[in-house]
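Residue numbers (our numbering), protein chains in the order written: chain A, 1 to 220; chain B, 1 to 220.
Just to be clear, a hint being listed does not mean it is correct.
Note that identical chains are pooled: a pair holds if it fits in a single copy or bridges any two copies.
Said to hold, decoys possible - Cross-link-like lysine-lysine pairs, in silico, DSSO-like; alpha carbons within 30 angstroms at most:
1) Lys-73 / Lys-145
2) Lys-73 / Lys-158
3) Lys-128 / Lys-73
4) Lys-73 / Lys-149
5) Lys-147 / Lys-205
6) Lys-205 / Lys-158
7) Lys-73 / Lys-147
8) Lys-158 / Lys-130
9) Lys-145 / Lys-205
10) Lys-73 / Lys-130
11) Lys-149 / Lys-128
12) Lys-205 / Lys-130
13) Lys-145 / Lys-128
14) Lys-130 / Lys-147
15) Lys-128 / Lys-158
16) Lys-128 / Lys-147
17) Lys-149 / Lys-205
Keep in mind the hints are simulated off the structure, nothing from the lab.
There are 2 protein chains.
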Amino acid sequence: MTEAAPRPVVTAFDWVPEFARGLVRDLRIRWALEEIGREYDSELFSARAPRPDSYLSWQPFGQVPAFADGDLKLFETGAILLYLGEQDERLLPPDGPARWAAISWLFAAFSSVEGYVQRITSYDLFHKDKPWQPEAREASLGICKDKLKRVADALEGKDWLAGQFSIADIAMITVLNNLRHTDLVAEYPTLAEYKARGETRPAYKRALDAQYADFTPEPA
Amino acid sequence: MTEAAPRPVVTAFDWVPEFARGLVRDLRIRWALEEIGREYDSELFSARAPRPDSYLSWQPFGQVPAFADGDLKLFETGAILLYLGEQDERLLPPDGPARWAAISWLFAAFSSVEGYVQRITSYDLFHKDKPWQPEAREASLGICKDKLKRVADALEGKDWLAGQFSIADIAMITVLNNLRHTDLVAEYPTLAEYKARGETRPAYKRALDAQYADFTPEPA
Numbered sequence: 001m002t003e004a005a006p007r008p009v010v011t012a013f014d015w016v017p018e019f020a021r022g023l024v025r026d027l028r029i030r031w032a033l034e035e036i037g038r039e040y041d042s043e044l045f046s047a048r049a050p051r052p053d054s055y056l057s058w059q060p061f062g063q064v065p066a067f068a069d070g071d072l073k074l075f076e077t078g079a080i081l082l083y084l085g086e087q088d089e090r091l092l093p094p095d096g097p098a099r100w101a102a103i104s105w106l107f108a109a110f111s112s113v114e115g116y117v118q119r120i121t122s123y124d125l126f127h128k129d130k131p132w133q134p135e136a137r138e139a140s141l142g143i144c145k146d147k148l149k150r151v152a153d154a155l156e157g158k159d160w161l162a163g164q165f166s167i168a169d170i171a172m173i174t175v176l177n178n179l180r181h182t183d184l185v186a187e188y189p190t191l192a193e194y195k196a197r198g199e200t201r202p203a204y205k206r207a208l209d210a211q212y213a214d215f216t217p218e219p220a
Numbered sequence: 001m002t003e004a005a006p007r008p009v010v011t012a013f014d015w016v017p018e019f020a021r022g023l024v025r026d027l028r029i030r031w032a033l034e035e036i037g038r039e040y041d042s043e044l045f046s047a048r049a050p051r052p053d054s055y056l057s058w059q060p061f062g063q064v065p066a067f068a069d070g071d072l073k074l075f076e077t078g079a080i081l082l083y084l085g086e087q088d089e090r091l092l093p094p095d096g097p098a099r100w101a102a103i104s105w106l107f108a109a110f111s112s113v114e115g116y117v118q119r120i121t122s123y124d125l126f127h128k129d130k131p132w133q134p135e136a137r138e139a140s141l142g143i144c145k146d147k148l149k150r151v152a153d154a155l156e157g158k159d160w161l162a163g164q165f166s167i168a169d170i171a172m173i174t175v176l177n178n179l180r181h182t183d184l185v186a187e188y189p190t191l192a193e194y195k196a197r198g199e200t201r202p203a204y205k206r207a208l209d210a211q212y213a214d215f216t217p218e219p220a
């Protein structure tokens with residue numbers, strides 16, 4: 001008998017408000033793990049209280065997800081996705097131009113798209129009633145749409161960003177999902193089809209179910 | 001005689017306004033290349049005109065830098081830094097926890113810090129005179145400061161983010177430099193010292209000189 005590999009650990013929240021369910025970033029790691037059929041455990045924190053100080057030596061920003069695989073601890077969704085990708089070529093081609101195309105798009109999801117998406121969601125979800133919100137949002141909308149259009153253009157005639165399905169698609173599709181309260185993705189049919197293509201994967205659905213299953217009932 | 005490795009190519013701009021000099025992201029790649037003493041060529045584009053359509057198949061967002069090493073083309077600063085890091089352990093430890101600490105911080109610079117820094121710089125540089133700017137900026141300031149404090153806390157007692165100097169420091173220090181028009185970094189002495197520590201490295205100075213040397217005189 002071979003000894004089973006230890007189950008990795010993903011940190012997540014034990015409850016978030018309705019608007020955030022399905023958007024918390026541990027979903028990205030759960031999705032990758034489900035794609036390769038690797039079982040894992042979740043370690044849950046309260047989103048309603050500061051993370052314990054001891055957590056900061058693992059995740060310096062106090063956010064989720066962080067990740068542990070045996071003694072190895074890492075943080076940042078992108079780093080964790082890369083780590084998993086290097087272990088299984090269903091998530092990341094092992095070398096050459098295909099690997100670097102996927103890694104380029106992985107960074108693009110976070111560096112060239114997510115920040116602009118987050119501005120819109122921040123205005124919509126956290127500053128909706130502020131008198132300055134409409135103008136500030138409008139000033140950010142153009143660049144967000146430009147980023148979406150660039151991704152849509154790059155996807156023209158392709159199922160996935162970098163040839164085969166990869167960690168880049170896990171990153172980009174979950175970034176796009178932060179706009180689910182708007183019609184922005186729908187303005188680019190190529191992008192909407194791409195997002196739907198990812199979200200119909202059985203591994204995505206399993207990951208989503210697992211995130212929801214970790215939420216305790218809303219406190220009274 | 002061994003054949004010399006081909007010189008890699010970094011794309012950059014042939015001119016930017018004063019406020020952007022030293023901040024254009026090709027600096028990050030130049031810095032990494034200077035750290036390992038690898039000669040390179042720059043391929044310049046005009047920042048005052050859209051990038052040619054042909055460039056979009058290399059850099060889908062039309063931004064700089066993109067990077068080519070022989071036949072291999074990649075894009076996104078983070079991906080290019082990782083690529084260079086994998087070639088030289090002066091930029092990235094080759095394996096184990098040290099490698100993953102540096103990669104975690106590399107992603108952190110872009111995903112957990114840069115987006116919040118960019119909101120402040122966007123308000124300050126592009127929306128300074130808008131009537132809604134003061135309130136919108138104020139609403140973004142708290143989270144930006146929180147991110148800076150977290151990085152400062154993580155640097156306590158350390159010279160660099162992940163043990164040895166690495167691509168994570170190139171990323172973080174150049175991200176922080178986007179706040180050079182403010183006193184925000186100075187509010188965290190650990191962070192200010194860290195930034196100065198990076199910017200006194202000879203490779204940083206050579207990279208900066210090279211970026212400036214590529215700028216043509218301002219048009220009449």
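Verification of the hints:
no.: 1; hint: Lys-73 / Lys-145; verdict: between (36 angstroms within a copy, 26 angstroms between copies)
no.: 2; hint: Lys-73 / Lys-158; verdict: between (35 angstroms within a copy, 19 angstroms between copies)
no.: 3; hint: Lys-128 / Lys-73; verdict: neither (37 angstroms within a copy, 42 angstroms between copies)
no.: 4; hint: Lys-73 / Lys-149; verdict: between (36 angstroms within a copy, 22 angstroms between copies)
no.: 5; hint: Lys-147 / Lys-205; verdict: within (27 angstroms within a copy, 32 angstroms between copies)
no.: 6; hint: Lys-205 / Lys-158; verdict: within (22 angstroms within a copy, 42 angstroms between copies)
no.: 7; hint: Lys-73 / Lys-147; verdict: between (33 angstroms within a copy, 21 angstroms between copies)
no.: 8; hint: Lys-158 / Lys-130; verdict: neither (41 angstroms within a copy, 41 angstroms between copies)
no.: 9; hint: Lys-145 / Lys-205; verdict: within (27 angstroms within a copy, 36 angstroms between copies)
no.: 10; hint: Lys-73 / Lys-130; verdict: neither (40 angstroms within a copy, 45 angstroms between copies)
no.: 11; hint: Lys-149 / Lys-128; verdict: both (25 angstroms within a copy, 27 angstroms between copies)
no.: 12; hint: Lys-205 / Lys-130; verdict: neither (36 angstroms within a copy, 44 angstroms between copies)
no.: 13; hint: Lys-145 / Lys-128; verdict: both (20 angstroms within a copy, 22 angstroms between copies)
no.: 14; hint: Lys-130 / Lys-147; verdict: both (26 angstroms within a copy, 23 angstroms between copies)
no.: 15; hint: Lys-128 / Lys-158; verdict: neither (36 angstroms within a copy, 41 angstroms between copies)
no.: 16; hint: Lys-128 / Lys-147; verdict: both (23 angstroms within a copy, 23 angstroms between copies)
no.: 17; hint: Lys-149 / Lys-205; verdict: within (27 angstroms within a copy, 37 angstroms between copies)
Comparing the model with each earlier hint shows violations of hints 3, 8, 10, 12, 15; every other hint is respected.
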